[in-house]
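Peer 1: Sequence:
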Amino acid sequence: MYKDDKKSGEALLSVIESVIRSDTEIISEVERLKSSQQGLEPSERAIEIIALYSNRSAISGGASALPALIPGWGTLVTVVGGALLDTALLLKFEVEMALALCWNFGFDIREPEERQMAFLLASISTYDIKNGENFIVDVLQTEGVAIWNYAPRQVSKILLIVLGRLALMNASKSMLKALPLVGVAIGSGLNKYLTTRIGKQCTERLEERLHNKEEIRGQEGEEECIVDAIIQDEQESDNV
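Residue numbering for the sequence shown follows the numbering used here, starting at 2 and increasing by one per position.
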């Protein structure tokens, strides 16, 4: 099963990579927000980032807006087509939003490992919202293990699995009805709602990750103080 998921995931990942904006563009946009909203905490600024991307997702509910939002749209439709394109378009805004949120919370998305983590964060959050289940528990059955504790090789493997699952979910009629970008009947309101929910879930996970990072840094600081104290005691003993 996982082999099929990874194969579908590889195809979907390739499409997503071809439609998302560059890291430079995303970083510049977040930095402009920082400049215009000085004094805000990352969590407060995250609300603005989510609103920005949920609005873009809402606009994309009309097919006429897509060529302006996605360079090379006509070529992409010709090459990909079908359900895979629907899923890729859904994930385009979620991945861009996750990258922006990661940079907002101080994680350098220019580093391959951080960029891949942002992709995984967006994909898992999308899966959870769409399927109503926790991907880690539902598929990997590793409850209690935070995704940022995975090694880069594990992140790469899990990313392909979750993308593959999303592609397969999209093939079902129930999934097609839920997807924001499968047709005009879906409407922009649902796009905005789904992207907002996914953004909030990404934010919660990033806040947890940041808190975890600060705790580790604090523990390391305490250990350094202990080591310094031991060295000082030894030096004082030598002097005596």
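For the record, the hints were derived by calculation from the structure and aren't laboratory data. Just so we're clear, the structure is a prediction, and the values are computed from it rather than from any experiment. Some hints could be false.
Calculated lysine-lysine pairs in the BS3-like style (CA-CA distance at most 30 Å, straight line) [as the list claims (entries may be wrong)]:
| hint | residue 1 | residue 2 |
| --- | --- | --- |
| 1 | Lys193 | Lys35 |
| 2 | Lys193 | Lys7 |
| 3 | Lys8 | Lys158 |
| 4 | Lys7 | Lys158 |
| 5 | Lys131 | Lys7 |
| 6 | Lys158 | Lys131 |
| 7 | Lys201 | Lys7 |
| 8 | Lys201 | Lys131 |
| 9 | Lys201 | Lys158 |
| 10 | Lys201 | Lys35 |
| 11 | Lys131 | Lys193 |
| 12 | Lys158 | Lys35 |
Peer 1: It remains to establish, for every hint, whether it holds in the given structure.
Peer 2: Evaluation of the provided hints:
1. Lys193 to Lys35: 23 Å, holds
2. Lys193 to Lys7: 29 Å, holds
3. Lys8 to Lys158: 11 Å, holds
4. Lys7 to Lys158: 8 Å, holds
5. Lys131 to Lys7: Cα-Cα ~19 Å, so holds.
6. Lys158 to Lys131: 21 Å, holds
7. Lys201 to Lys7: Satisfied, since the Cα-Cα distance of roughly 27 Å is no more than 30 Å.
8. Lys201 to Lys131: This hinted pair holds, its Cα atoms lying about 14 Å apart.
9. Lys201 to Lys158: 25 Å, holds
10. Lys201 to Lys35: 19 Å, holds
11. Lys131 to Lys193: 14 Å, holds
12. Lys158 to Lys35: Violated, at about 34 Å.
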